[in-house]
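Throw the hints in and build the complete structure from the sequences for me.
Residue numbers (this note's numbering), protein chains in the order written: chain A, 1 to 110; chain B, 111 to 1016.
Accuracy of the hints is not assured; some may be wrong.
Said to hold, decoys possible - Derived DSSO-like pairs: lysine-lysine, alpha-carbon spacing no greater than 27 Å straight-line:
no.	chain 1	residue 1	chain 2	residue 2
1	A	Lys57	B	Lys123
2	A	Lys56	B	Lys123
3	B	Lys342	B	Lys237
What the hints contain is simulated information worked out from the structure, not anything from laboratory work.
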Amino acid sequence: MNRKTYLGELEQMVLLSVLRLGKDAYASAVREELIEQTGRRVARGAVYITLDRLVKKGYLSSRLGNTSADRGGRANRFFGLTREGQAALRNARNALVNLWTGFESVLEDR
Amino acid sequence: MTPPRLAERWLRKIIPSDHAREGIVGDLRQEHAHVARRFTIAVAHAWYWFQAGMTALSYIAERARERRKPKHRERGSSVRAFWNDLKLAARVAKRAPVFSAVAIVTIALGVGATTAIFSVVDGVVLKPLPYRDAPQLVRISHTAPGSNIDRMGAPDGTFFHYRENASTLAEYALYIESSATTDGDSGATEEGVIQATPSLFSVLGVKPLLGRLFTEEEGQSGAAVVVILTHKFWMSRFGGDSTVIGKPLSERSPVPIVGVLPEWFDFIRPEAFVTFGNSFDDPAIIVNLRLQRSTARFGNFMYQAIGRLAPGATAQDANRELTTLMHQMPELYPKNGLTTRMVQEGRHAPIVEPFKNVLVGDIADVLWIIMGAVGLVLLIAMVNVLNLFAVRAESRRREIAVRRALGATGARLSQSFLAESFLLTTAGTVLGVMLAASGTGMLLRIAPSNIPRLDQVVLDWRALAFAGSIALVSALVLGLVPVARYARLSLAAVAGDGSRATTSGRERNRARHAMVVAQIGFAMMLLVGSGLLMRTFWNLRHVEPGFGAADVLTVRVTLGNNFDGPQGRTDYLLELTQTLEQLPGVVEATYTGDLPLDGNFYHADFATPEAIPEEDAQAPRAARSFIGPGYLKAVGATLFRGREMTRNDYATDPDVAVVNRTFAEERWPGQDPLEQRLVQWPAESGAWYRVVGVVGDIREASLAREPEPMVYLPTVFIPGTTHGMFVRNFAIVLRTSGDPLSVLPMVREEIAKTNMLVPITTVQSLEHLKAASMQQLSFAMLLLVTAGSAALLLGVIGIYGVVAYVVSQRTREIGVRIALGAQTGDVQRMVLRQGGIIGLIGVAFGLAGAAGLSRVLESLLFGVAGTDLVTYAGTSVLLLVLVLGASFLPARRAAAVDPMNVLRAE
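This is the structure in structure tokens:
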């Protein structure tokens, strides 16, 4: 599919959070990073769902990490950006930047 | 430190499994442990519940959102998509012409046959009568099982009593059928007449086309006679002349015409109502029936009664009410009628039944049976087509799997296959409807004329709707079968199919076998049904009718008012037959008032000196026929004792009678019936008859009905009695030496010579009469046999298909077996055994089904039980032989498999 699909807002943020977390991008961490950086109290479910959607779209890859007693034997899932995901982020940002061009003045909150 | 188990379980239920459920649950656990360490367990649990709840909510919301989102659609509307599917389907069909042709033809045959029969069933049974609110029409008759009377009409007393007092009947009318002689273009003709009370028209809800209907006054005694014409008669006799109102009916009957009925008015007479041995297809005129209250009786149940139920009343309600009313009648109408004691002893009772049932009656059963049979054939045909589709679908497994891998959903696949089945089914249905049109026409041509309402049989929108629904259901079933079976297979499973028969393969085969078993079962049922009917037919044909039917010609005549009373009629007939006897080719000539096998005829009560009934009781009933001298010999009855009545008797000593064996044995058991005396009861003076002969029982009513006691009386008028007064319709009976019909022209001439005004109504040979009485049965049989043969053919094809297919599936196995040393015989036996097993199971089912079916057929059977061993055994053997025969070819082919080829292809 060559069509450029644009990322939803939450999807962008999640991708970026994963990017920021690098190796430690597991689900709950992504959520915490999001909350911390954006000040937005995202519902846990929303994050999980978005993560899965992004994996389905091929923008994220996931792998299983280690288990621990705390987790009741369930492995942790780690996420990482795929090349497509990076491209999607890039596209999204470029689109926004283009649209913003000339209106940086709005950025200054009057 | 585990989180609350309930919450976790619920959470796991809500999160779809492909959403990394375990990861989420694990995350929550971890955090739960974290919170528990920082605070207390209680807090942690509460926290968990909250989190679980929130997460669950997200997933539920997500699910809802997914569902609302429009599915990813291909370009274009769904209609265009379907059109594309159709085009593709057409291409697919063209690529497999044999398959398509066979499917289309089979569907056409199935749909066509069923629709044709449906149109007959619809016209005769289902469609409502053309009258207003037809379901409210009821027929009122009476029964008296205690006096041996199964069914009789209503007396004129009921016109006053029931009509005025029954709240469950909105209207009540009496009518009686008779005939009248009028002038036609080519001499005198006899026309059917209905005498009816004026209320008949309000019962039926009829308005006149021209003129008016009868007034209430015209229904009273003393009123002038007027006539209303039926539409058909108006067109044929008066050419549709609109100035006919007020004109006289004809020269010899200058009765004024007051009205003309509309075209749709078709007064269909219930079959049981055929008097005087004459039956007319359509009555020509309606005459006002004048009744007199002061002489109305509760006796002589000779009228037919029809009524309209009051709104909200049912036939049962009316029955109850009329029973009460009837029991009041002996007191209210004591003159010349039944007494209370007679009513009790005879167990008289009124019967109220829907008018349509009466009319359609027995024939409905026959038609439904035929419909069921044809329906079975349709099922068998459909199973064949289903098999065809299934086989084809199997060969397209790979295609289906590939399409699924490419992303086609189940819905998409269904659509595409439905388009294919839709195309073929539509083609088959269109062809089938054309077949049905000609089929219906053919059925109408061969149908016996005594099936009522045949004019309603037409291939109209109802039949088309019927065909359409069959087509729709078939299309759905046929289209969805391949999807249901194969849509789940993944490409991997299919691509690796060089392997052995998988379990799914065995399942498929079992389903196919089951279908063929069903086919054979159905075919068996049909064949047994046909077999039973054929034996019934055979039995009936060979029933001893009690008379010799060969070489006898019957010519019906009506002697009108221009003869000098009943004696004048007898004199004329005696003279006429004497003349006719002189004609070349005529061996004997005589006459009778009733012909055998003609349907109904009269009954009367007879008493003997040994058994004179008391004051108010009834005498036992017997059938009665007025005949001419030598009649019994002419029709070939067997004389057991004594002699027949002769011309001499007629001239000098007419107090003689002949009885049949049943009567003699009933009244004078163990005694010599000769010289015994009998009288018609209530007796009129001087009317005692002397028995001079006893004949064998003649099957007067129908071949299937047991003969009743019968008394034959001369037509001689005995002064002081009313016997024989009203018989005007006779049949001249001629025994010929050659072809009966060859003497007809001479007979006509003779009759015309003697009296120009004697109309001849029907001419038949007795042989024809006999055949006519079996008309309905032969019709049913013909259809059933056709259905049975079609079923057999289709079933055999089905078996062949299955066995051939199984063989082709097992080619490798067979090859291996042969390579390992199996002989041709062994292989053949193996295949035959497979076919045989299927056949046996099918026959077993068929036997069970046939036993059930035969219970339905029971009313039609004669001389053969529904569980007749010979028929069942014979059909089973026949089917098994055919099944084995159908397996024979595949068996041969199996044996001819070259193991080298097979193994090489591995």
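Which of the stated hints cannot be reconciled with the structure, identified by number in ascending sequence?
none
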